[in-house]
Amino acid sequence: MDFRLTKQEQQLKEMYEDFFRNAIKNAPDIFKRGGGFEATFSDDEGFAFHRKMATILGEKNWLSLPWPKELGGSEASIMHQLIFNEAREVSRCPGYDFHGCAMFAPTLLVFGNDDQKKRFLPPIARGEVQYCQAWSEPDAGSDLSSLQTSAKKDGDNWVINGQKVWVTAAHRADCMFTIVRTDPESTGSKGLSYFYVDINSPGIEVRPLYYMNGAHVYNEVFFTDVRVPHKDLIGGEGNGWQVTMATMNFERSGMGFFSTGKKALDRIIDYVKTTRRNGELLSENAFIRQEIGKIYASLEAGTMLAYRVGFTQASGDMMAAASAASESKILGSEISRDISDFGTKVLGLHGMLEESDATPLLNVIEEYQNSVGLTIAGGSNEIQRSIISWMAPLNMPRWKLVNPATVKK
Amino acid sequence: MDFRLTKQEQQLKEMYEDFFRNAIKNAPDIFKRGGGFEATFSDDEGFAFHRKMATILGEKNWLSLPWPKELGGSEASIMHQLIFNEAREVSRCPGYDFHGCAMFAPTLLVFGNDDQKKRFLPPIARGEVQYCQAWSEPDAGSDLSSLQTSAKKDGDNWVINGQKVWVTAAHRADCMFTIVRTDPESTGSKGLSYFYVDINSPGIEVRPLYYMNGAHVYNEVFFTDVRVPHKDLIGGEGNGWQVTMATMNFERSGMGFFSTGKKALDRIIDYVKTTRRNGELLSENAFIRQEIGKIYASLEAGTMLAYRVGFTQASGDMMAAASAASESKILGSEISRDISDFGTKVLGLHGMLEESDATPLLNVIEEYQNSVGLTIAGGSNEIQRSIISWMAPLNMPRWKLVNPATVKK
Amino acid sequence: MDFNFSPDQEMLRKSVAEFLKKESAYEAVKDIEESKEGYDPKLWKKMAGLEWMGIHFPEAYGGFGDPFLSLCIIMEEMGKMAFPSPFFSTVIQCGILINEGGNEKHKKDLLTKIIKGRLILSLARYESDADLDPSMIRMQAHTSGDDYILNGTKMFAGDANVANKIIVAARTDEGVTLFIVDADAKGVTVKKRHTIAKDNTCDVIFNAVNVSQKDIIGKPGQGDVLLDSMERKATVAKCAEMLGGCETAMLMTAEYARGRIQFKTPIAAFQSIQHYMADMKLGYDACINYFYKVTWMIEEGIECAKDVSALKARLNEVYNTIGTLGVQIHGGIGTTREFNIALFFRRAKAFEFMMGDSQYHYEQVAQALGL
Amino acid sequence: MDFNFSPDQEMLRKSVAEFLKKESAYEAVKDIEESKEGYDPKLWKKMAGLEWMGIHFPEAYGGFGDPFLSLCIIMEEMGKMAFPSPFFSTVIQCGILINEGGNEKHKKDLLTKIIKGRLILSLARYESDADLDPSMIRMQAHTSGDDYILNGTKMFAGDANVANKIIVAARTDEGVTLFIVDADAKGVTVKKRHTIAKDNTCDVIFNAVNVSQKDIIGKPGQGDVLLDSMERKATVAKCAEMLGGCETAMLMTAEYARGRIQFKTPIAAFQSIQHYMADMKLGYDACINYFYKVTWMIEEGIECAKDVSALKARLNEVYNTIGTLGVQIHGGIGTTREFNIALFFRRAKAFEFMMGDSQYHYEQVAQALGL
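Chains as they are written, first to last, in the working numbering: chain A, 147 to 555; chain B, 147 to 555; chain C, 588 to 958; chain D, 588 to 958.
In isolation and in its complexed conformation, chain A is listed as follows (with noise of 0.2 Å):
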């Protein structure tokens, strides 16, 4: 057992720690109130922030630490990435696209050809390209292997008809990978394909999905004859399935969950200190203090889950890498939930408000509101904690669901 940081650890932790510092400071208004997707999607300020950071941090070649010196990167370990993520993450500070830099760019490090690698990664470690990912159909959400989208082969080229949902930033980016039906014949996992798509390309259409509070941050993007050549399909046709999943393994720590989460409670505990209600500093109430105290725990013993994570991911045993990083994804976004519907409590009245200049805890409905989503998004905490049950040491048996109208006795 080893918790502590080597030397040159501990300096690029306080190095990227005082970078983000820094930079968050020239930023917009609204991301020193939080930030996150709302921030850097739904607002024109703050988007054109995060692409300004974007450009930054591709000349400093922290857009591809990961990656192998060769195509540009630092080989940097997983540790290393973890200080990078969470120095990042705590300050909230944009500019890392998690799409085109967690998910799209490992996939092509381990499924892309030398030619989709040449083509891909370069702009995305210089952080020229906004990423978007077109999984989810409105009849294929937790069930995604049922989706519908289609391409049929034409010439050199495929032709995408359909309709994606929850495409996060599909109005700011100039990129997407989706993942469609290329085998007509073929139904559940199999016959799928994975394809990166311009977005730019005709035939796309991009329809806001307004979130609860007004924000626009997802789209439903429809495919009609959108034509993509054959030499941007990625791990080869029939494996689309295959590379999904891999892709949604890849950056599975859930470490941001718990270090915005350490951020919020910071600022919790801030407030508390100085505000009087009722009589009373918020700060004196036993049934506060304990609320606090069991925040801590879980935020302190979450980021050791998402640290083992990371560990199991570096010694190679994904099965159980998996397993740790569902369990990570369900602690993070049930404690993002429930710190911010304290924050709001704490406030009292002024829970209810959106608006900052009344709200002395920045942010926090907009975060509680936010927060409902994260126990959804990226397959349910309902589907994930059924597949904790099903993999080792539970080995739950996965029965089917029938209608017994249907079934002969």
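I should point out that these hints are in silico values taken from the structure, not numbers from a laboratory. Hints are supplied without guarantee of correctness; some may be wrong.
Facing chain D, according to a computed beta carbon distance under 7 Å, are these residues of chain A, among others [unchecked claim]:
hint : residue
1    : Asp148
2    : Asp190
3    : Ala443
4    : Met537
5    : Leu540
In silico DSS-like pairs for lysine-lysine, Cα to Cα no more than 27 Å straight-line [unchecked claim]:
hint : chain 1 : residue 1 : chain 2 : residue 2
6    : A       : Lys178    : C       : Lys778
7    : A       : Lys491    : D       : Lys893
8    : C       : Lys778    : A       : Lys491
9    : D       : Lys893    : A       : Lys408
10   : A       : Lys377    : A       : Lys215
All values derive from a computational prediction rather than experimental measurement. From the three backbone atoms N, C-alpha and C, an ideal C-beta is built for every residue, glycine too.
Using the hints provided, position chains B, C and D relative to the given structure of chain A.
Then chains B, C and D, alone, in the frame of chain A:
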């Protein structure tokens, strides 16, 4: 809407409360520490007092309140019964044989023939007999209808073979009611019949099933060629499931959970008002105040749900009453668990002690251990929740789980 | 004991439900949420025509004289449709204050107009510290001859942006005092805030506002007692609205779950979904039956502060659980503006704070229990 | 960062596990629980032979000099088997006190015997008010010449009924002071209590008990500081035992659920059971990884009071959840003495209070966070 007690109801309430308040004064210490099944059936002195009280209640005609006058009852309203039950349960005074009075007697009133009513009801009314209920089997718990204990016709008798478990008080009982399979070809809820059985019949062996704390409340009962006369079959051959379900639905308001919960909460309130720990009066601690507020609200809301069950039964909507009864049972068993858990917590280190002279909150650790049984017995809360969801207005479909290996695609 | 409604109450419920269903479906609600006014003046007139505003007020002022439960039935039905209007601030908060504390002239002038739908009122009673106890009110009212001068800022005043008059609680030498101020009086500034419920929650700034002593409700110093009594009823009425929301959110989610297919199965067949639904139902059922009793206690004049607090605190939790599980069961689309479940999720959070959050009310229960 | 155990530690774990499995299966545990002594003296000797008692103590006194984690590995394996013995009170509570605070003579006399399995110790430190903070200790020790006279009652002293010596914390003029008292000294009475864990929790009554000043650990008045330091480690060691219990209870329940058929289905196929199991696992996994870090901090001498408290408080909840869900999934038979899951359910509740309940520890966290 009217929640006032009539003048007569108010008088009854005062009379019953007075009676039980005085009666419990003469009880052995074990009842003063909280009572319940453990005091009544595990302890010799406790059981003797229970029998003594039963005779007294019988003399007052309080064991047959709802029965028709011609059978010696008082035709008391459901409200009257609820008042009686609440007063009795709050006092924790024994003497009311739940199995005989609240399960078997109402079953007889609906399904028994004249001979059976004449033979079985008067001893129950007089408090002369202790009943027990033998339903579950080792492989038929939540899934009761898979039971395998059988009865074969032999002349005017039935011959029972098999094993029952969870037979509360069998070691103290005079008689038993049970459900067994009379059609050997049948499966599931068909082919079952409901019997009265004299516990002293040859071939019955009662073996103790010790609770985790060592208490002897439950038993296993083994039947080896036990002969039961045909005239003791209740409700007709093959109708056992219907009779059993009816028996389960009598007296299911769940009021007892809330009545005893209120008593437990009162004790906790007294304790925290008078106890200092870590430099502070416990009642001044905001966390403890919040928890007590929560428990109070749950108990009051639950009480109204229990009254609603009674009101709905009286109005004849048995489906709605059954659903509300399930809800009352879930809420009641879970609040019982939560109160006793909270009780241990306010005790601090005393919370792990079983003895009374060192645990100022009487009996709490016994109640805590018993409470984990409450969320299982009588149909686990998981089954109850599913049943609620299957009924109106939720109407969730009831699909089956099947092993995918056995299903053809 | 009788859990039944009277035939008149059943009829009232039916008529309110039908009106709202016809006039204010969810799309209309979303439009209202995005409007500056935050309510629909045409519907407001129609509601007055149906005599909703006067249902509980004395016949002497044009009211209907119905018991308190009738008012709650209207609130419950509004809650079912997530219907936004100044009904709560005008009829319940301010209307009850005037009816219980106002003099004959106030009642004749104001109640009559409220009942006819010609007057919208707002209550400005909270301050930036978000203290809930009326006795903690700090804003000052200084005497100036026979008049008073108000200075200070109030927050969380419902519908002040559309109100004709504002009842404001401020501190005079005698204690907390309630003043009726014209919303367009010199020195009054109203600022609407954005809330999670997208409702008319406002700051009201008083800058040297002149008020006549004739415009005091009750006596100077009587404000906290009047507020306390009104707020007991207003809390129960808010609970009625919340219970309506709980019921709709629950049934809407059950319906969605029965229709949504994933893994070739209606998701309603999954045990986790069934158990979520059962939790929603049993949370709701315990609260609504408790609510009936508390309402009856109010009508009968039985002391019930402890139970009002216990009910509101518990219902805060139940409504938020129903709203959160409702969104969770809907999945992604449940988080969108397009689907209706979020209307209830958002209101659950806002209503948690209106008329007292759980921490406050559980503390009230503890005090009432002698702790 | 490295989550791996050293090969030596892996070997230690294996040997402890094999020994306990062979020597103390659950039926033996139940017999021990019902015995007056509450432990098995023969096994105690064998454990000493395997050098468990000395694993963490200096080689100078016959110990093994292993890091603290090795001690935790032994505790974790004991926790897995619900193994009752005076190990915690003798080796961890009293052993660490002597090692950290005792003089050379104490160590030579006592540590040597502990390591050889010839001395059982009990710590008598709590009083009837169940205060947890060492500085709140109130029992008095009066000077009498060079000696002290102890009067008063201690509660919750583990294994005092089988101890040869008792370390007792009492208040002298200088403050809280730790005395070593012979268990059979005149005036000492030990009374074993029944607990939910069926363990050796005792009252110890001191009636004019004479103690020499040579039998003070550390200096007079240093007791609270010594207790504080020891209890930080003892809390982590107790967490190790609890984590062992969590793991067994979880795996035992999973196995039962896979084998138990109801409704023609292994109940493990029901989603509600699957989700219960997932909750157990994720509660456990977060705690065990946090535990590794806290143990490492202890070994490295990094200030970690806040994290020790956070871990214990959270683990209290997790173990009780696992115990409760474990029984629930087992159904009725889970509540019996016959089945083994209740061994863990009962210990979860007892361990919740040992070395600090959640309320206490969350309050410590709050204080450490500057609240």
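Consistency of the hints with the structure:
1. This hint holds: Asp148(A) has a C-beta 4 Å from the nearest C-beta of chain D, less than the 7 Å allowed.
2. Checking Asp190(A) against chain D: minimum C-beta separation of about 38 Å lies over 7 Å; hint violated.
3. The interface hint given for Ala443(A) holds, since its Cβ lies 4 Å from the closest Cβ of chain D, which is under the 7 Å cut-off.
4. The interface hint given for Met537(A) is violated, since its Cβ lies 9 Å from the closest Cβ of chain D, which is over the 7 Å cut-off.
5. Given hint, Leu540(A) at the interface with chain D, holds; its Cβ is 5 Å from that chain's nearest Cβ, closer than 7 Å.
6. Among the hinted pairs, Lys178(A) with Lys778(C) is consistent with the structure: their alpha-carbon atoms are about 24 Å apart, no more than 27 Å.
7. Between the alpha carbons of Lys491(A) and Lys893(D) the distance comes to roughly 25 Å, so the proposed pair stays at or under 27 Å and holds.
8. Simply put, Lys778(C) and Lys491(A) have alpha-carbon atoms about 24 Å apart, close enough for the 27 Å limit, and the pair holds.
9. Distance check on the hinted pair: Lys893(D) and Lys408(A) sit about 15 Å apart at the alpha-carbon level, within 27 Å; holds.
10. Restraint check for Lys377(A) and Lys215(A): the C-alpha separation of about 25 Å stays at or below 27 Å, so the hint holds.
Comparing the model with each numbered hint stated earlier shows that hints 2, 4 do not hold.
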